[in-house]
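Novice: Letter by letter, the chains look like this.
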Amino acid sequence: MTKKLKMLQTACSILLAVSLLAACSGNATPGGSGSSPPPAATEKPREVIDIEMVMNSWGTLPPETGDFVVNKLKEELDINLKIVSETELMDKLNVRAAGNNLPDLMMFSSANDYRDYASRGLLADLTPHLGKLAQVKEFLGQGGFDKTTVNGKVYGVAKEPTLRTFSYWIRQDWLNNLGLPMPTTLDEFNDVLVAFTKNDPDGNKKNDTYGMTGIFTGLHAFTPIMTTFGAAPTYQIRNGEIVNFYSDPQLKEVLAYVQKLADEKVLDPELATNSGKMPLDKAFQGMAGVVYTTWADMVKDDKVKVWKTANPDAEWVIVPPFKDHAYGEAVDYVDAGGSSGYVALSKAAGSNEEKLSRILELLNYISHGEGLNLVQFGLEGEHFILDGDKVTLTEKSGDAGFSWIYQFTGRPEQSYLAAKFPNQVSWIDQAAGLPRLTVYNGFITQLEGVNYADRDRFIEEEFLKFVYNKRDINDFDQFVASLNSMFMLEQETEHAKQILSGLGYLK
Amino acid sequence: MVRGRSERWFDVMVYAVLLFAALVAVVPLMFVVSMSLTPYGEVLRNGGYVFIPNSVTFDAYQYLLERTKLPRSFGVSAFVTVVGTSLSLMLTMLMAYPLSRRKLKGRSLILLLILFTMLFNGGLIPTYLLVQKVGLLNTVWAMLIPNAVSAFNLLIMKSFFESLPEEIFEAAKIDGAKEWRILTTIVAPLSVPSLVTIGLFYMVQYWNLYFQAVLYVQDAALYPLQVVVRNILMMNQSMDDINVDVTLPTVTLQMAAVVVASLPMIMVYPFIQKYFIKGMLIGAIKG
Amino acid sequence: MAQNLPNASTTRHSPSVRRRWRKELGAQWPWYLMLLPGLAFFIVFKYFPMYGVIIAFKDYDLLEGIAASPWADPWYKHFEYFYRSTYFSQLLMNTFLISLYKIVFGMAPDIVMALLLNECRKAWFKRSVQTLTYMPHFLSWVIIYGIALAFLSETTGILNRMIQSIGLDAVPFLSSTDWFRSVLVGSEIWKDIGWGAIIYLAAMSAIDPALYEAARVDGASRFRMMRHITLPGIAHVFVLLLILRLGHILDAGFEQVYIMYNIRVYPVADIIDTWVYRTGLERLNFSLAAAVGLFKSFIGLWLVLGANALAKRWGQGVW
Chain A
1 MTKKLKMLQT
11 ACSILLAVSL
21 LAACSGNATP
31 GGSGSSPPPA
41 ATEKPREVID
51 IEMVMNSWGT
61 LPPETGDFVV
71 NKLKEELDIN
81 LKIVSETELM
91 DKLNVRAAGN
101 NLPDLMMFSS
111 ANDYRDYASR
121 GLLADLTPHL
131 GKLAQVKEFL
141 GQGGFDKTTV
151 NGKVYGVAKE
161 PTLRTFSYWI
171 RQDWLNNLGL
181 PMPTTLDEFN
191 DVLVAFTKND
201 PDGNKKNDTY
211 GMTGIFTGLH
221 AFTPIMTTFG
231 AAPTYQIRNG
241 EIVNFYSDPQ
251 LKEVLAYVQK
261 LADEKVLDPE
271 LATNSGKMPL
281 DKAFQGMAGV
291 VYTTWADMVK
301 DDKVKVWKTA
311 NPDAEWVIVP
321 PFKDHAYGEA
331 VDYVDAGGSS
341 GYVALSKAAG
351 SNEEKLSRIL
361 ELLNYISHGE
371 GLNLVQFGLE
381 GEHFILDGDK
391 VTLTEKSGDA
401 GFSWIYQFTG
411 RPEQSYLAAK
421 FPNQVSWIDQ
431 AAGLPRLTVY
441 NGFITQLEGV
451 NYADRDRFIE
461 EEFLKFVYNK
471 RDINDFDQFV
481 ASLNSMFMLE
491 QETEHAKQIL
501 SGLGYLK
Chain B
1 MVRGRSERWF
11 DVMVYAVLLF
21 AALVAVVPLM
31 FVVSMSLTPY
41 GEVLRNGGYV
51 FIPNSVTFDA
61 YQYLLERTKL
71 PRSFGVSAFV
81 TVVGTSLSLM
91 LTMLMAYPLS
101 RRKLKGRSLI
111 LLLILFTMLF
121 NGGLIPTYLL
131 VQKVGLLNTV
141 WAMLIPNAVS
151 AFNLLIMKSF
161 FESLPEEIFE
171 AAKIDGAKEW
181 RILTTIVAPL
191 SVPSLVTIGL
201 FYMVQYWNLY
211 FQAVLYVQDA
221 ALYPLQVVVR
231 NILMMNQSMD
241 DINVDVTLPT
251 VTLQMAAVVV
261 ASLPMIMVYP
271 FIQKYFIKGM
281 LIGAIKG
Chain C
1 MAQNLPNAST
11 TRHSPSVRRR
21 WRKELGAQWP
31 WYLMLLPGLA
41 FFIVFKYFPM
51 YGVIIAFKDY
61 DLLEGIAASP
71 WADPWYKHFE
81 YFYRSTYFSQ
91 LLMNTFLISL
101 YKIVFGMAPD
111 IVMALLLNEC
121 RKAWFKRSVQ
131 TLTYMPHFLS
141 WVIIYGIALA
151 FLSETTGILN
161 RMIQSIGLDA
171 VPFLSSTDWF
181 RSVLVGSEIW
191 KDIGWGAIIY
201 LAAMSAIDPA
211 LYEAARVDGA
221 SRFRMMRHIT
231 LPGIAHVFVL
241 LLILRLGHIL
251 DAGFEQVYIM
261 YNIRVYPVAD
271 IIDTWVYRTG
281 LERLNFSLAA
291 AVGLFKSFIG
301 LWLVLGANAL
311 AKRWGQGVW
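Chains as they are written, first to last, in my numbering: chain A, 1 to 507; chain B, 1 to 287; chain C, 1 to 319.
Be a bit skeptical, because a hint or two may be false.
[What the hints assert, rightly or not] Quick list of in silico lysine-lysine cross-link-like pairs, PhoX-like style, CA-CA up to 25 Å:
| id | chain 1 | residue 1 | chain 2 | residue 2 |
| --- | --- | --- | --- | --- |
| 1 | C | K312 | B | K103 |
| 2 | C | K23 | B | K105 |
| 3 | B | K69 | A | K82 |
| 4 | A | K252 | A | K465 |
| 5 | A | K347 | B | K133 |
| 6 | A | K205 | A | K308 |
| 7 | C | K122 | B | K274 |
[Stated by the list, open to error] Label pairs and their in silico Cβ distance ranges:
| id | chain 1 | residue 1 | chain 2 | residue 2 | range |
| --- | --- | --- | --- | --- | --- |
| 8 | A | Y452 | C | Q90 | 31 to 37 Å |
| 9 | C | Q90 | A | S351 | 31 to 37 Å |
| 10 | A | G66 | C | S89 | 56 to 62 Å |
| 11 | B | N54 | C | L97 | 54 to 60 Å |
| 12 | B | A16 | C | V171 | 23 to 29 Å |
| 13 | C | R84 | B | A16 | 20 to 26 Å |
| 14 | B | K103 | C | L97 | 42 to 48 Å |
| 15 | A | A256 | C | Q90 | 42 to 48 Å |
Think of the hints as simulated: they come from the structure by calculation, not from any bench.
We treat Cβ as the ideally placed atom computed from N, Cα and C, and that holds for glycine.
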């Protein structure tokens with residue numbers, strides 16, 4: 001045998017040794033279940049209790065040491081709160097539920113997931129304890145519990161929804177270049193989109209612009225058009241009657257209008273492929289002059305820097321509501337049943353009396369006064385200064401940038417944003433002040449026996465056909481009939497009607 | 001002379017096709033690297049992509065190293081990869097050798113049982129319950145042990161072992177070599193290319209570990225690289241309202257994360273290629 | 001050995017047969033010892049959780065657990081739900097076709113790549129090409145989709161700008177039902193060509209050089225050697241990979257499709273796994289997912305068994 005072979009033999013035995021060593025050194029690796037609470041060495045009569053909260057914070061995590069929120073909660077409430085961020089939240093919760101190992105507290109992002117958990121008996125029933133959630137109720141109103149009522153019982157708290165600020169944004173500099181005024185009606189809007197597409201608004205002598213970009217799914221890009229016609233997804237109350245978006249005659253008008261836009265080729269041809277933030281990139285690149293979005297995506301300092309670099313001349317402004325509306329001015333819709341999260345206790349945490357009462361204390365604490373300020377801005381004097389009611393952030397406020405993950409019940413949106421984004425206040429106020437249609441989707445539960453995935457696909461595909469003239473718009477009634485026969489649309493509307501009547505929204 | 005010309009044509013063809021393949025691979029990769037070095041605004045000004053950056057910035061890399069959990073997760077991934085690969089390779093080799101011997105009693109049955117696991121599995125929940133029951137939950141071992149042997153890799157390695165010439169076993173038997181010694185002193189050294197290949201497969205498997213980590217681990221200190229990278233990549237896909245509180249990662253940052261995450265596996269490859277030299281070892285043993 | 005088996009099972013064990021068995025088993029104990037740790041792994045981590053397949057026949061409830069959950073009524077309820085869903089036949093067809101295209105058009109390039117690399121005599125060139133083509137494997141599909149957009153987008157894509165600059169219309173590669181499957185297959189080939197070649201290169205390095213030596217003496221051209229020595233030398237790997245891939249014929253690549261598809265191409269791109277994902281998102285419907293999984297596995301199992309039986313005729317079977 002040659003030398004080479006010997007060497008390889010040695011290599012093989014080293015490999016074996018390494019793996020054995022690794023197997024032995026197992027105990028030295030970081031790990032531990034973290035479930036045994038450290039004995040509290042305090043003079044306080046109450047023992048510090050560990051509470052685990054699972055949510056999806058997209059990788060944002062509090063610092064491991066020196067987390068002032070955790071310290072404060074330990075001090076004030078004798079709670080050792082641990083946040084676990086899960087990227088695949090529902091997968092993780094599901095397996096933990098199967099393993100009888102649900103965390104004490106969890107934040108669902110969708111109402112359906114929350115309701116599934118509640119109706120399957122995985123969550124603690126809070127109905128008998130609602131009296132102890134006084135501050136939460138004061139902060140959220142009765143709605144905070146109406147939204148979480150399942151079969152007559154309350155299993156959680158619906159986080160305050162974030163401020164709805166969607167509207168059309170338009171390139172003011174393009175309007176100026178073409179000598180056009182801000183569009184005030186749908187017809188003028190149509191003309192502007194045509195001009196943006198055909199009249200070289202950026203003056204680069206190239207035919208490389210479109211009127212509008214956005215996302216096709218759910219007709220998202222056309223929301224302001226929709227609401228001007230009085231239509232909004234999915235359930236609204238119009239003249240005292242419930243209206244389901246998909247059987248709303250106004251939807252036909254919307255589709256007809258959008259179909260005209262498609263015919264005129266003023267839409268980004270890739271509307272259907274766009275997803276996530278792609279439309280914004282295209283808008284920032286100067287490919288399109290109108291996009292449906294929010295102030296946070298347009299005028300936050302980092303965003304402005306990006307589009308100013310790409311296009312120094314660009315000037316984005318909000319399009320005011322169109323005047324030729326069918327049922328009142330509206331640039332968007334807002335969900336009266338909406339919530340930005342559903343906080344709930346596991347059944348086990350709920351049956352542990354000490355734990356339950358501490359968690360209720362926690363929810364109260366972060367819903368008012370000092371606690372609410374803590375999770376919004378950090379420590380008074382360090383991260384912010386309080387002058388009467390006015391909050392001013394200090395230079396160290398950046399250190400408190402993670403505190404939003406502790407806002408389990410939400411925050412008073414407008415004052416929060418005003419304090420956090422002093423430069424953007426006027427934009428935020430303008431966007432938030434625009435008129436919006438009210439929908440009630442958050443209250444409506446899904447119908448048993450309907451495959452909503454198939455339904456959504458069917459609807460999207462038919463919308464696409466209508467808009468791109470693959471199906472005659474006069475087929476709209478047939479489309480509604482198909483929805484009725486395939487996906488029980490009528491029953492769905494009836495079901496929604498009953499829920500809203502029960503809640504008193506419908507007479 | 002005729003033969004010489006056709007040989008030359010053959011060579012030209014080989015090089016031309018390979019060069020084309022390399023170009024097709026490299027152009028998009030340049031795009032990834034260049035994007036990671038160009039400020040986002042510049043990228044947009046260029047129409048959404050950059051192939052050769054005209055102004056280079058390492059901001060994205062700096063951000064990754066200083067402001068994200070990437071450095072630590074890098075360490076976790078390195079540990080998982082090194083230990084996991086050694087463990088898996090060892091176990092796989094130990095199984096593949098007997099299974100490559102056609103005389104082994106019950107061989108067909110065992111192979112069928114192994115193949116069966118590639119097609120059928122109990123699903124997410126029973127597997128999670130098992131991992132929980134054996135106490136691996138929330139430890140690094142949960143990322144190593146539940147997939148220690150890949151049936152695919154095992155079958156490949158067994159197939160490689162089968163193609164070794166039968167004579168070497170005959171010779172070893174006459175020598176009176178013990179099975180253990182046959183494996184470590186004959187089979188393994190003669191199969192270095194296949195061991196290295198399977199080793200690479202395992203290495204990449206462990207390096208790219210994502211779902212198991214997310215499922216079995218909840219201590220952020222134990223998250224491997226891909227979990228952190230995935231957060232950076234997928235954040236923009238969510239239509240949530242979190243962008244008020246969070247600065248969404250730009251394409252520049254995403255590309256930088258991808259570069260950092262794949263660099264180690266790419267750098268390892270040239271060292272592995274050495275072992276693909278044609279017939280080196282068979283020649284060695286015969287000579 | 002093969003003749004022993006029927007004897008052992010059909011007739012009563014005569015003392016001599018039993019003794020011979022025991023002797024052979026006894027002689028093979030080192031092999032079983034080697035198999036032990038791995039087999040233990042398969043039994044514990046793969047076979048033990050397999051009781052989970054019964055979820056497909058139950059109305060699984062997270063709180064009740066698998067054993068206590070009620071049986072589905074009728075037992076095929078979840079299979080029927082899948083079968084009767086609006087898009088069933090289209091999903092099945094799409095899955096099968098995408099998978100088939102990936103096998104047919106995706107396996108050959110790996111082999112060609114390996115063959116060419118094997119024929120390449122300049123070591124530096126070979127290594128560079130090898131490394132470069134291997135790199136795309138490490139990009140996730142999200143990134144690859146980003147790259148695909150940069151090249152193929154109808155409005156901003158480089159390729160389309162080139163097409164337009166010569167006066168033709170832009171091609172909607174990513175949103176046209178004519179092109180989308182080609183994009184899926186093409187991007188997968190691009191991603192994995194260098195990676196897929198590795199296994200064949202490993203197989204080639206095990207070919208006895210004496211064979212080439214002999215052929216060269218006989219005056220064989222390099223092309224002939226490639227055909228008659230190299231290709232047969234890697235055939236066993238190819239057959240193995242093919243059989244294993246057939247087992248996964250109804251996995252058409254969830255992540256890739258999920259990231260790359262859009263409403264326009266649903267009719268050609270929506271596959272079983274994307275449907276299960278979208279449907280499962282709405283309800284905690286583990287039983288449906290389990291039923292669909294079981295269906296896919298059964299189809300795969302029959303294909304694998306069939307393919308192996310066929311391969312065995314040429315002495316290439318997996319077992």
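Novice: Look at each hint and say if it fits the structure.
Specialist: Tested hints:
no., hint, in the structure
1, C:K312 / B:K103, "holds, 17 Å"
2, C:K23 / B:K105, "holds, 12 Å"
3, B:K69 / A:K82, "holds, 18 Å"
4, A:K252 / A:K465, "holds, 13 Å"
5, A:K347 / B:K133, "holds, 21 Å"
6, A:K205 / A:K308, "holds, 21 Å"
7, C:K122 / B:K274, "holds, 14 Å"
8, A:Y452 / C:Q90: 31 to 37 Å, "violated, 18 Å"
9, C:Q90 / A:S351: 31 to 37 Å, "violated, 48 Å"
10, A:G66 / C:S89: 56 to 62 Å, "holds, 59 Å"
11, B:N54 / C:L97: 54 to 60 Å, "violated, 44 Å"
12, B:A16 / C:V171: 23 to 29 Å, "holds, 26 Å"
13, C:R84 / B:A16: 20 to 26 Å, "violated, 54 Å"
14, B:K103 / C:L97: 42 to 48 Å, "holds, 43 Å"
15, A:A256 / C:Q90: 42 to 48 Å, "violated, 29 Å"
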